[in-house]
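Peer 1: Each chain, letter by letter, is given below.
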Amino acid sequence: MARSAPHDAKPDGDRRAPKRPKLAVWKFSSCDGCQLSLLDCEDELLAVAEAVEIAYFLEATRARIRGPYDVSLVEGSITTPDDIRRIQKIRGQSRLLVTIGACATAGGIQALRNFARIHDFVTAVYPTPHYIETLATSTPIHDYVPVDLELRGCPIDKHQLLELLSALLNGRAPVLPTHAVCVECKMRGVPCVAVAKGAPCLGPVTQAGCGALCPAVGRACYGCFGPQESPNCSALAATLKAGGLERRQIAHAFRSFNAGAEAFRRESEVHD
Amino acid sequence: MIETAAAGQAGKGRRTIKVEALARVEGEGALSVRVKDGQVRDIKFRIFEPPRFFEALLRGRLYSDAPDITARICGICPVAYLMGASHAMEAALGLTPTAEIRALRRLLYCGEWIQSHVLHAALLHAPDFLGLDDALVLAKTDRAVVETALELKKLGNEILEIVGGRAVHPVNTRVGGFFKAPSGSVIRPLADRLKRGADQAERLGRVFGGFDFPDYDHAYTCVSLHHPDTYAIEDGRLVSSLGLDVAVDGFFEHFGEAHVAHSNALHGVARDGSGPYLVGPIARYNNNHAQLSPRARALAAAAGLGPVCTNPFQSIVVRMVETLYACEEAARLAEDYRPPEPAAVEGEARAGLGHGCTEAPRGICVHRYRLDDDGRIVEADIVPPTSQNQPQIEADLLGVVERNLHLDDEALKWRCEQTIRNYDPCISCATHFLDLEMIRE
Chain X
14 MARSAPHDAK PDGDRRAPKR PKLAVWKFSS CDGCQLSLLD CEDELLAVAE
64 AVEIAYFLEA TRARIRGPYD VSLVEGSITT PDDIRRIQKI RGQSRLLVTI
114 GACATAGGIQ ALRNFARIHD FVTAVYPTPH YIETLATSTP IHDYVPVDLE
164 LRGCPIDKHQ LLELLSALLN GRAPVLPTHA VCVECKMRGV PCVAVAKGAP
214 CLGPVTQAGC GALCPAVGRA CYGCFGPQES PNCSALAATL KAGGLERRQI
264 AHAFRSFNAG AEAFRRESEV HD
Chain R
2 MIETAAAGQA GKGRRTIKVE ALARVEGEGA LSVRVKDGQV RDIKFRIFEP
52 PRFFEALLRG RLYSDAPDIT ARICGICPVA YLMGASHAME AALGLTPTAE
102 IRALRRLLYC GEWIQSHVLH AALLHAPDFL GLDDALVLAK TDRAVVETAL
152 ELKKLGNEIL EIVGGRAVHP VNTRVGGFFK APSGSVIRPL ADRLKRGADQ
202 AERLGRVFGG FDFPDYDHAY TCVSLHHPDT YAIEDGRLVS SLGLDVAVDG
252 FFEHFGEAHV AHSNALHGVA RDGSGPYLVG PIARYNNNHA QLSPRARALA
302 AAAGLGPVCT NPFQSIVVRM VETLYACEEA ARLAEDYRPP EPAAVEGEAR
352 AGLGHGCTEA PRGICVHRYR LDDDGRIVEA DIVPPTSQNQ PQIEADLLGV
402 VERNLHLDDE ALKWRCEQTI RNYDPCISCA THFLDLEMIR E
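Those sequence lines, one after another, are chains X and R.
If you count the first sequence from 1, position 148 lands on 161 in the working numbering, and the numbers rise without skipping.
If you count the second sequence from 1, position 13 lands on 14 in the working numbering, and the numbers rise without skipping.
It is worth saying that the hints were derived from the structure and are not from the lab.
None of the values given here were measured: they were computed from a predicted structure.
Some clues are possibly wrong.
Distance condition first, Cα-Cα at most 30 Å in a straight line; then the derived BS3-like pairs of lysine-lysine [what the hints assert, rightly or not]:
no., chain 1, residue 1, chain 2, residue 2
1, X, K254, X, K210
2, X, K210, R, K196
3, R, K181, X, K254
So here's chain X without its partners, still in its complex pose (with noise of 0.2 Å):
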């Protein structure tokens, strides 16, 4: 790429600071949800443009800048023979590569046809499968290429988003828990709804980060952060087995937005 002399000041004063980091947004199979997260934070947007050089982001800008790229952010799963090639392109070109929600880390909920055929979920929503090229699984990044830091969320949260961009333009190490959403409960005071209502909450096995949203409206956890650092999901599975859910319930319940996690894809197999 051709670099202008550091003296060939243009008129227009659109001459980029030196310094600023080139942040890229990269999409693979995904909702585009967590990558909208980022134009969710509308207090901050302007001043993380400022500080950071969006060097490419598809669902924000036509400008695109060539890499290599600092810190490249990473939606969506593999799930096509050409996204294989990208992926490896995109992480030549980054110095950073962070996957961004479930699809990227676990595979999200398309991988629920790595537990079926592909050709029946082919041919059950296109009347002509030939003209669909696709592989049989759905995974995440780093199944592909080494992955630097990776947010949880099905989406991801954007105060976890702005943690780790303050971190990386400062050079520290982001605060991301990795304990279990109970936590979360405990210190905001929620009651707990597997307690008080026997609801089927995944939230002892499941990470941090979103708030306890769904206990704090008296729901269960549905996971999907995925599973925290230690996850005991038998144990979890033999509680929600006595609190009276079948077989293929249990089985669901691990087998949603994070079904390709490792925890969770062992333990939904167990009641499969």
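Assemble the complex: chain X is given as a structure, and chain R must be docked to it using the hints.
Peer 2: Relative to the frame of chain X, chain R by itself:
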């Protein structure tokens, strides 16, 4: 330049121009245009976002799983999926949510319209009319517009957070209603802020109304919901500008989907052979102008719209008219708010067939589910708005390219992108980035 190209063509007869991915849309798609002897021979708007097979992965799940799973079709309009799936399940199970639950759902939906419309109109579409790459550049030339838009968008998201528990993929909704009804003390104060939001929407609408709109008109077949008393959002009958007027469960009788080789999205087709049809803001505006509030109609008139809009580039204005309406409507709902008690109606699992259809910001989004005796999904059909619009997008592109062959390749490419963005296409919904390939032969 096209002139140069034409001169070059005289000798060789063919020119291929490749353009990179289209931005400022949700999802991945491509466009190819083939021009020969000054005539457009072929246009293909391809959606190659990889399929995720939602209809298949829903099979065997409990009816209660459908809203949250289908919400993951689209992170921009999850409420459309939460509501459409909930309505369909309620129809299948014979549940009738109370007036208070329905009012709270409408308030939630207004939040989604506000955040989605302002995101698209101000941050993704407006830069096209100003020849700018994005809203961040716009913020340097007109910071007030961008700040107003961000504040208004944030208000939409706050409604989603207060009522739904989360802006992207709300957690507080369920088949039958809500998990927890927000207290009046958090809902009622929204009214004053929404009135201020209505003023902001009006300001943005007037700014956008002053844009220079490309000269293009089309007599659209408009398909939308219609409700005699209110501007239809989450409730109404299915109507078209050709006279169709049926309950939402008549959708599949009148409309279908076709699978074409160049796209991972199924194309919407009208079964009566009337050709492409339009869903979304312009379709709603044209079918339901009389149901808008006086202030929303006044903004439309001041921004240069008649009662029927035929220029798709003016969709940016219609979005702000609808945003104004959504702010007024949400303010009314917040003032009149009575917490639903109970927060949800309960039902028993049973076999059944149910349809749901609501007005996603991009147009009608249709769900149909068949349940077995245990309330498990046997069959699911979901028809998102962008796949219905895809044939009409191709028809518009043809018209726009034909009228703009005098433009050089870069300008023509941008005009095509802008034409596609008129639709606020949610390609993630329709399955699924846009590359533009221009072949001048």
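Peer 1: Hints first: check each against the structure and report whether it holds.
Peer 2: Okay, the hints, checked on the actual structure:
1. Among the hinted pairs, K254/X with K210/X is consistent with the structure: their alpha-carbon atoms are about 15 Å apart, no more than 30 Å.
2. Straight-line distance between C-alpha atoms of K210/X and K196/R comes to about 39 Å, which puts the hinted pair past the 30 Å bound.
3. As the CA atoms of K181/R and K254/X are separated by approximately 26 Å, the hinted pair is consistent with the 30 Å bound.
The structure fails to meet hint 2 from the earlier list, while all remaining hints are met.
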